[in-house]
Amino acid sequence: MKYAGLLVMPAGFFLAIAALVLFPAPALRGAFVVCGLLVEALGLVVAVRGHMEARGENPQ
Amino acid sequence: MNPLVPVNSGLAESTFALCLVLLVLAPLAIAGVALINTGLGRSRSAAQALLGSLLVVAVAAIVFALVGASFTGNPPGSPGGAGHILRIAGKSWNWIGAGPFLLGGLGSAPLESQMALIFELLAVALAALIPWGSGADRLKLSAGAAITAVLAAFAFPLIAHWTWTGGWLSQLGINFSLGAGFLDPGGAASIHVLGGLSALAIAWIAGSRRGKFPKEGFSTAMPGHNAVYVLFGCLLALVGWLAFNLAGAILWIHAPLAALPVTAINTIVSASAAVAATFLVTRIRFGKPDASLCANGWLTGLVASSAAAALVTPPQALFVGLVAGIATPLLVEVLELAVSIDDPSGALSVHGIGGLWGLIATGIFTAEPGQFVAQLVGVATLLGLVLPLVYLLFWVLNRWVPFRVDADGERVGMDLHELGGGAYPEFVIHRDDSYR
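Protein chains in written order, with this note's numbering: chain A, 1 to 60; chain B, 1 to 436.
By construction, these hints were calculated from the structure, which means they are not laboratory data. Even for Gly, the Cβ is constructed at its ideal location relative to N, Cα and C. One should not assume that every hint holds.
Listed below are several chain B residues computed to face chain A (Cβ distance under 7 angstroms; list not exhaustive) [to be verified]: (1) Ser340; (2) Val377; (3) Tyr391.
Full structure from sequences and hints, please.
Here's what the structure looks like:
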């Protein structure tokens with residue numbers, strides 16, 4: 001689950017970059033950059049949940 | 001190079017002299033953070049923590065000088081400052097520097113490039129110290145050196161190039177009319193957010209200290225062993241931060257001398273507001289102020305000022321510090337109790353989230369159109385690209401150089417296990433109840 005979350009995060013980054021290239025209008029561009037950040041936040045939450053499930057377990 | 005032959009530089013002589021003095025003072029930030037990390041760890045790992053800090057600084061400087069400086073590149077306008085450029089959608093994306101390896105041509109480089117290199121050498125050492133603190137009491141010296149080598153050779157140069165030396169983030173203003181491009185004169189992104197996100201990756205990969213998070217019940221409190229180190233480290237760090245913020249303003253946004261006093265005032269105001277806010281929050285929550293959380297609050301105010309100090313007014317810096325100071329104790333508590341992240345130095349809250357807040361606040365308070373979006377794109381890059389990247393790099397590295405000490409080493413303490421002697425040989429170190 002942690003890895004799934006970490007894989008989702010770059011999708012948010014590419015959404016933010018795509019917004020720069022695709023939308024010249026400042027409002028739309030800003031909105032899509034925020035959407036990219038929200039996708040990243042979603043990925044981070046999934047990764048954190050994955051970490052919490054392993055609570056109390058040490059690698060060794 | 002003949003030292004008697006002057007080298008052309010964009011810096012005036014007085015600015016050059018001031019910048020050099022500031023860069024000589026900047027290592028005090030490294031000393032401060034090293035002391036804070038040591039004080040927040042356990043007494044049985046204190047010598048290893050501080051020796052590890054020296055090792056981290058040494059490895060960071062050597063690896064960056066040999067390899068990393070090439071990928072960072074030189075400031076725009078200087079020889080060799082172009083970097084590798086991708087052309088996408090009719091725009092140029094300068095994604096990595098193309099300077100010479102092994103500091104080739106340094107002697108004949110302009111003074112500004114040489115100053116920039118000193119700044120970057122110190123910045124990479126500070127960035128690498130941050131995850132070392134979060135891995136306290138369980139990270140081996142070999143792991144600290146290996147992590148630092150990866151940060152100094154690749155991760156730091158990439159972000160430093162993007163933000164400081166003409167990379168694509170700094171060009172957002174030219175390419176997409178987003179204000180002046182991504183602004184980070186004091187290193188909030190390149191130093192602190194990188195360090196904070198690396199700390200998160202290491203806390204995830206290395207796991208928590210044994211006994212910190214039992215399968216059932218609350219987490220075990222493992223307070224720092226020396227509040228005096230921690231608080232003295234905060235005072236040392238202030239001098240170093242002033243140096244970093246002022247030198248960064250000169251080198252990366254070409255601030256005039258007249259703008260520097262306000263930058264210094266903003267740095268002090270931000271840290272002061274943050275520590276006052278943390279003092280009040282902890283006093284209200286716990287009945288008495290908490291020394292280590294107040295230290296974390298002070299440091300978060302400094303970290304947030306790294307992005308904002310050169311670009312905001314003093315009342316705005318006060319607000320930036322207040323928010324940082326209120327959020328820090330709450331974040332430290334949430335990350336430990338609710339999210340089960342064992343981060344003894346609070347690096348994720350202080351450097352990671354504090355740095356992100358500083359970058360966003362800079363966008364909020366800078367009047368230039370599009371600046372806020374430019375800052376958000378920078379934040380999206382750090383979270384969406386840099387965090388997965390450093391996690392992947394460290395995950396692979398951990399297979400090769402295991403980060404974590406074995407169970408016996410953790411039980412006897414890192415000092416005895418790795419160095420054969422403790423930091424405080426005259427004192428009896430009491431066995432605690434965390435190894436059940």
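Failing hints, ascending?
-> none
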